[in-house]
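J.: All chains, please: the whole structure from these sequences, using the hints.
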Amino acid sequence: MISSIIAAMISSFILIPIFIGIQNGRANFSIENFNLDKNFNIINLIAKIFTNSFNIAEIKNGGMPPLFCGIFINLLFITYFFNKKISKKERILSFIFILIFILSFYINGVNLLWSIGNLPAWFEYRYAFMFSFMYIIIAKKRI
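Going by the numbering used here, 98 is the number at position 98 of the sequence shown; the sequence numbering is gapless.
Think of the hints as simulated: they come from the structure by calculation, not from any bench. Here the structure is a predicted model, which is why all the values come from computation and not from measurement. Hints are supplied without guarantee of correctness; some may be wrong.
When the alpha-carbon atoms are kept at most 20 Å apart in a straight line, the in silico PhoX-like pairs for lysine-lysine are as follows [said to hold, decoys possible]: (1) K141 with K89; (2) K84 with K48; (3) K141 with K84; (4) K38 with K48; (5) K88 with K140; (6) K140 with K89; (7) K48 with K85; (8) K88 with K141; (9) K141 with K85.
T.: And the structure:
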């Protein structure tokens, strides 16, 4: 606990100015931006994970996050949750972790938390690489 507080204090010298800079940036922070609106149809997100359909318009605001990791990774990821050698607690925590990312993509207000409340210019889901990384790490544990 104390080490976490010390780490936060050490990093605050860089994080506080970044936070202030973002708030004074090109977009104005507004609590009205935070809402529970859906960004897209959830079925399209699931299809995106499996098919890697891509359109250049998706880079602009309002598109879909780039989530495709490969068919083999998808199969390993799915079978991970049925592997009895992996503890039930770990499988539940992994599911919750991935669910947090999916909700971050799907719900507008949660998505805005990743950019400190400002609407991003162009590439809206800049954190999508972290989802893909964790998706691959979870799939790798299946092997």
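J.: Run every hint past the structure and note whether it holds.
T.: Hint by hint, here is what the structure shows:
1. K141 with K89: 14 Å, holds
2. K84 with K48: 28 Å, violated
3. K141 with K84: 12 Å, holds
4. K38 with K48: 16 Å, holds
5. K88 with K140: Holds, because 17 Å separates the two Cα atoms, which is no more than 20 Å.
6. K140 with K89: OK: K140 and K89 at ~17 Å, within 20 Å.
7. K48 with K85: Violated, because 29 Å separates the two Cα atoms, which is more than 20 Å.
8. K88 with K141: 14 Å, holds
9. K141 with K85: Status holds; Cα separation ~10 Å.
In summary, the structure is inconsistent with hints 2 and 7 from the numbered list given earlier, while agreeing with the others.
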